[in-house]
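Let the hints inform the model, and build the full structure from the sequences given.
Chains as they are written, first to last, in numbering that gives the first Met the number 0: chain P, 0 to 358; chain W, 0 to 64; chain S, 0 to 195.
It is worth saying that the hints were derived from the structure and are not from the lab. As the structure is a computational prediction, the values presented were derived from the model and not from experiment. Among the hints, erroneous ones may be present.
[Claimed, not checked] In silico SDA-like links for lysine to any residue, alpha-carbon gap of 25 Å or less:
| id | chain 1 | residue 1 | chain 2 | residue 2 |
| --- | --- | --- | --- | --- |
| 1 | S | K83 | P | K332 |
| 2 | S | K136 | P | H174 |
| 3 | S | K189 | P | D125 |
| 4 | S | K157 | P | A72 |
| 5 | S | K173 | S | E10 |
| 6 | S | K136 | P | G173 |
| 7 | P | K228 | P | L217 |
| 8 | S | K114 | P | A175 |
| 9 | S | K189 | P | L217 |
| 10 | P | K332 | P | I107 |
| 11 | W | K43 | S | E135 |
| 12 | S | K114 | P | F163 |
| 13 | S | K157 | P | G265 |
| 14 | S | K114 | P | D125 |
| 15 | S | K136 | P | V179 |
| 16 | S | K136 | P | L186 |
| 17 | S | K83 | P | E64 |
| 18 | S | K173 | W | E45 |
| 19 | S | K157 | W | E42 |
| 20 | W | K43 | S | G145 |
| 21 | W | K43 | S | E10 |
| 22 | S | K114 | P | A272 |
| 23 | S | K146 | W | V4 |
| 24 | W | K43 | S | Y191 |
| 25 | S | K114 | P | V179 |
| 26 | S | K146 | W | Q55 |
| 27 | S | K114 | P | S71 |
| 28 | S | K114 | P | N189 |
| 29 | S | K189 | P | H174 |
| 30 | W | K43 | S | K83 |
| 31 | S | K136 | W | E58 |
| 32 | S | K146 | W | A7 |
| 33 | S | K136 | W | E42 |
| 34 | S | K114 | P | L217 |
| 35 | S | K136 | P | L161 |
| 36 | S | K157 | P | R141 |
| 37 | S | K114 | P | G173 |
| 38 | S | K157 | W | V4 |
| 39 | S | K173 | W | E51 |
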Amino acid sequence: MTTASPHTNGRAQNAHRRAMIWSLVLILAGAMIAPLSGYVYVAYAQDEAAWETNPRAETWRDVREGEGGYTSASGPYVTNNLIQNGGENWRNLRNGPVAGIVPWFMAISLLLIGGFHAIHGRNRIDQPLSGKKLLRWRPWERVLHWFTAITFIILAITGLSLLFGRAVLIPLMGHAGFAVWADFSKLLHNFIGPVFTAGVLVMIIAWVRYNIPDKVDLDWFRKAGGMGKQHASAGRMNGGEKAWFWFIAIAGGAVCITGLVLDFPGFGQDRGAMQLANLIHAVVGIAWVALAFGHIYIGTAGTEGAFEGMATGYVSEEWAAEHHDLWLEELRKENRIERPPSQTSPGPITGGATRPGSS
Amino acid sequence: MSRYVPLALALLAPLLLAGCYEDVTPTNYEPGVYKGETDPLLEKLESGDLREELDQRFETAATDR
Amino acid sequence: MARMKFLCDVERCIECNACVTACKNENEVPWGVNRRRVITLDDGEPGEKSVSVACMHCTDAPCAAVCPVDCFYTTTDGLVLHDKDLCIGCGYCFYACPFGAPQFPEESAFSQRGKMDKCTFCAGGPEDDNTDAEYEKYGANRIAEGKLPACAEMCSTKALLAGDGELVADIYLKRVMQRSGRPDTWGWQKAYGAGV
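The following block contains the structure:
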């Protein structure tokens with residue numbers, strides 16, 4: 000007991016000091032803030048006074064702030080407010096940062112890809128190929144992939160034409176020539192967009208179960224996807240593929256939704272909503288294109304044997320062992336390896352071309 | 000050697016793609032700076048006779064009598 | 000240099016909608032397209048105000064700045080006109096316009112709008128003046144005939160003024176001095192910049 004008392008004494012002193020400091024801080028802050036409350040009163044009182052003495056000033060202020068009135072005119076594009084200020088903001092954002100800065104996403108992406116390829120070169124398969132193949136992408140999965148891929152490319156070209164055509168294509172094609180192309184672009188973009196959205200939706204539903212992040216992915220990213228000396232393990236989808244999947248699911252979803260908001264007017268969305276939708280659509284859409292460059296590079300020139308998988312559906316066993324070892328192991332263990340028709344003759348390694356029973 | 004070709008292309012691509020938009024600050028159009036297709040009205044407006052006619056008409060139409 | 004402007008004298012506008020009717024009749028605009036409309040503020044309350052609004056022919060026109068096909072052009076006296084042959088009906092001008100002036104003949108799924116239509120200050124379009132081709136696309140070209148916009152010319156209270164900005168301002172200031180009120184050059188600051 001006796002040993003504890005100086006200890007508690009010191010603690011009490013500390014508490015006192017702390018209370019004192021905080022009180023001082025509070026008093027100082029209060030001394031600075033409290034007098035400002037007068038402004039709140041003054042602003043409020045002046046507002047009241049203005050309303051009482053000059054209702055006209057109030058009316059015009061409301062007009063400047065975009066308040067509406069009554070109009071007997073009717074039509075889909077008739078608005079009842081005198082001035083909408085959002086338009087000018089939208090114009091400045093669209094013609095400024097969106098058109099001037101966002102395309103650098105694409106440029107940086109291409110630059111990184113080119114730099115990476117020049118330094119690192121193609122990611123080759125380490126083991127010699129034995130010629131044994133196994134099924135990675137079923138026909139419907141490939142159809143889904145190429146359907147969204149082709150529509151994505153069409154949407155990217157037409158969308159970029161609409162945003163940058165005035166600066167890039169009008170000097171090349173002239174006003175009349177570009178107007179024809181822009182008209183066609185708009186038509187294509189507006190009709191293919193919803194179809195693409197449907198494709199993306201099916202893709203998310205079909206592949207979400209392979210793309211649940213887990214610990215293996217963290218390890219995969221730590222080992223930089225196996226680009227270093229260490230081998231990075233992965234299941235059917237590696238960490239990078241999962242990141243791409245979730246980018247499409249979230250950011251791509253935003254692009255699709257904003258696209259639908261723009262594409263189907265007449266559901267009550269006002270100009271403000273369309274302006275916001277347009278900005279999100281442009282910025283995230285271009286980011287999507289920039290990342291798609293990376294996806295296309297990794298799937299074609301960047302990785303030996305990857306394109307084969309999405310083109311034919313079959314990958315070499317060595318490719319699978321290198322990039323998706325856990326997936327291969329699982330297939331082996333569950334005896335679910337499917338060989339191409341030319342290799343279906345029963346052998347000790349193939350274990351028979353059993354189709355997966357369930358799912 | 001061939002691995003430097005994509006690098007060169009990648010360096011060129013940003014210039015082609017990103018540097019294109021006319022300017023980051025929005026374009027300002029001054030009145031009287033005509034840009035666009037030929038419109039025969041423009042010549043008439045330049046002539047001055049039409050201008051005078053329009054101004055006279057405004058005076059007669061808009062002033063209170 | 001003359002600069003054409005619209006001004007609606009809100010102390011005079013009686014919401015008769017004659018300007019709207021005149022515009023529709025003069026230019027034979029399709030149903031649902033309103034180049035001009037009258038908006039009443041505080042309708043039915045004391046201090047009610049009516050304003051006739053159409054394209055204000057802005058100096059730094061937002062519609063022209065955002066048009067992806069660059070179909071707008073400005074005449075020497077500041078009228079903002081557009082070329083319907085180039086227009087793709089994307090609706091961007093409608094998003095950008097502070098006055099809600101751009102109109103489209105339809106609003107249907109897949110953003111099918113048709114070509115944009117707006118007030119031309121009765122100055123038609125790029126076609127030859129007062130030809131059928133011009134009339135069909137843009138309506139009347141009264142300016143080429145030495146006439147001013149129909150809406151303003153037939154305004155019964157002379158609330159709506161259309162003409163050279165300086166003359167408009169002269170008349171308006173005279174009125175304001177006579178009736179001793181404050182000038183309300185409504186929309187001028189937005190359309191023509193801070194200098195007016």
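Outcome of the hint check:
1. S:K83 - P:K332: Judged against 25 Å, a Cα distance of about 67 Å means the pair is violated.
2. S:K136 - P:H174: Measuring from Cα to Cα gives roughly 19 Å; hence the hint holds.
3. S:K189 - P:D125: violated (67 Å)
4. S:K157 - P:A72: Between K157 of chain S and A72 of chain P the Cα gap is close to 21 Å, so the pair holds against 25 Å.
5. S:K173 - S:E10: Since the Cα atoms of K173 of chain S and E10 of chain S sit roughly 14 Å apart, the hinted pair holds (cutoff 25 Å).
6. S:K136 - P:G173: holds (22 Å)
7. P:K228 - P:L217: holds (17 Å)
8. S:K114 - P:A175: Roughly 15 Å separates the two Cα atoms, so the pair holds.
9. S:K189 - P:L217: Roughly 54 Å separates the two Cα atoms, so the pair is violated.
10. P:K332 - P:I107: violated (43 Å)
11. W:K43 - S:E135: With Cα atoms ~21 Å apart, K43 of chain W and E135 of chain S stay inside 25 Å; holds.
12. S:K114 - P:F163: holds (21 Å)
13. S:K157 - P:G265: violated (36 Å)
14. S:K114 - P:D125: Cα-Cα ~60 Å, so violated.
15. S:K136 - P:V179: Since the Cα atoms of K136 of chain S and V179 of chain P sit roughly 18 Å apart, the hinted pair holds (cutoff 25 Å).
16. S:K136 - P:L186: holds (22 Å)
17. S:K83 - P:E64: violated (32 Å)
18. S:K173 - W:E45: violated (29 Å)
19. S:K157 - W:E42: violated (30 Å)
20. W:K43 - S:G145: holds (10 Å)
21. W:K43 - S:E10: Violated, at about 35 Å.
22. S:K114 - P:A272: holds (22 Å)
23. S:K146 - W:V4: Between K146 of chain S and V4 of chain W the Cα gap is close to 65 Å, so the pair fails against 25 Å, i.e. violated.
24. W:K43 - S:Y191: The hint holds at about 24 Å.
25. S:K114 - P:V179: Since the Cα atoms of K114 of chain S and V179 of chain P sit roughly 13 Å apart, the hinted pair holds (cutoff 25 Å).
26. S:K146 - W:Q55: Judged against 25 Å, a Cα distance of about 10 Å means the pair holds.
27. S:K114 - P:S71: Cα-Cα ~24 Å, so holds.
28. S:K114 - P:N189: holds (16 Å)
29. S:K189 - P:H174: The hint is violated at about 29 Å.
30. W:K43 - S:K83: holds (21 Å)
31. S:K136 - W:E58: At roughly 30 Å apart (the allowed maximum being 25 Å), E58 of chain W and K136 of chain S break the hint.
32. S:K146 - W:A7: violated (61 Å)
33. S:K136 - W:E42: holds (21 Å)
34. S:K114 - P:L217: violated (53 Å)
35. S:K136 - P:L161: holds (24 Å)
36. S:K157 - P:R141: violated (70 Å)
37. S:K114 - P:G173: holds (20 Å)
38. S:K157 - W:V4: violated (71 Å)
39. S:K173 - W:E51: holds (22 Å)
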